[in-house]
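Chemist: Sequences and hints are given; from them, build the entire structure.
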Amino acid sequence: MMKEFREFAMRGNVLELAIAVVLGAAFGKIVTALVENIIMPIVGIILGGVNFSALAVTVGNAEVTYGIFIQAVIDFIIVAFAIFLFVKLINRFKRKEEAKEAAAPVVDPQTELLTEIRDLLKNKRV
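Under the working numbering, the first residue of the sequence shown is numbered 1, with each subsequent residue one higher.
No wet-lab data here; the hints were simulated from the structure. Check before you lean on any hint, since a few could be wrong.
Beta-carbon label-pair distances, calculated as ranges [as the list claims (entries may be wrong)]:
1. T115 to A33: 54 to 62 angstroms
2. I30 to N51: 37 to 45 angstroms
3. G24 to A102: 29 to 37 angstroms
4. K3 to I30: 51 to 59 angstroms
5. F86 to A33: 57 to 65 angstroms
6. V64 to I30: 25 to 33 angstroms
Every residue, glycine too, gets a C-beta built ideally from N, C-alpha and C.
Modeler: In structure tokens:
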């Protein structure tokens, strides 16, 4: 069972997923810092000094902090947009690579060998 687990854990897709999760968490922290410390203060200034994280409503003894929710939605939109741009960039590079591969003529190895032999024979005659 331990051997099977090791094989499963070392499979390429699992390692790639683990790396993606770690990088995603780090990217999320960067975006959260960007939103909390740069974007939201600017939005607050534009909207007349509104601090979203302080927005709350008290219902009985409970305090509903809907400003934090608004900030989380903005975080999500920024992360989703950044990922969209990243995927779009990767797809552009893939299309360029596919175009290069499609443009390169596919030569049969036998035909290539025969062409080389022909060229060598031509050079010997001259």
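Chemist: For each hint, tell me whether it holds in the structure or not.
Modeler: Checked hints:
1. About 60 angstroms separates the C-beta atoms of T115 and A33, a value consistent with the hinted range of 54 to 62 angstroms.
2. One distance hint, 37 to 45 angstroms for the beta-carbon pair I30 and N51, is violated here, with the actual separation near 22 angstroms.
3. Checking the proposed 29 to 37 angstroms range against G24 and A102 shows it holds: the Cβ atoms sit about 33 angstroms from each other.
4. For K3 and I30, the hinted distance range of 51 to 59 angstroms is not satisfied, since their beta carbons lie about 39 angstroms from each other.
5. Look at F86 against A33: about 18 angstroms separates their beta carbons, and that is not inside 57 to 65 angstroms.
6. Roughly 29 angstroms separates the CB atoms of V64 and I30, a value that falls within the hinted 25 to 33 angstroms.
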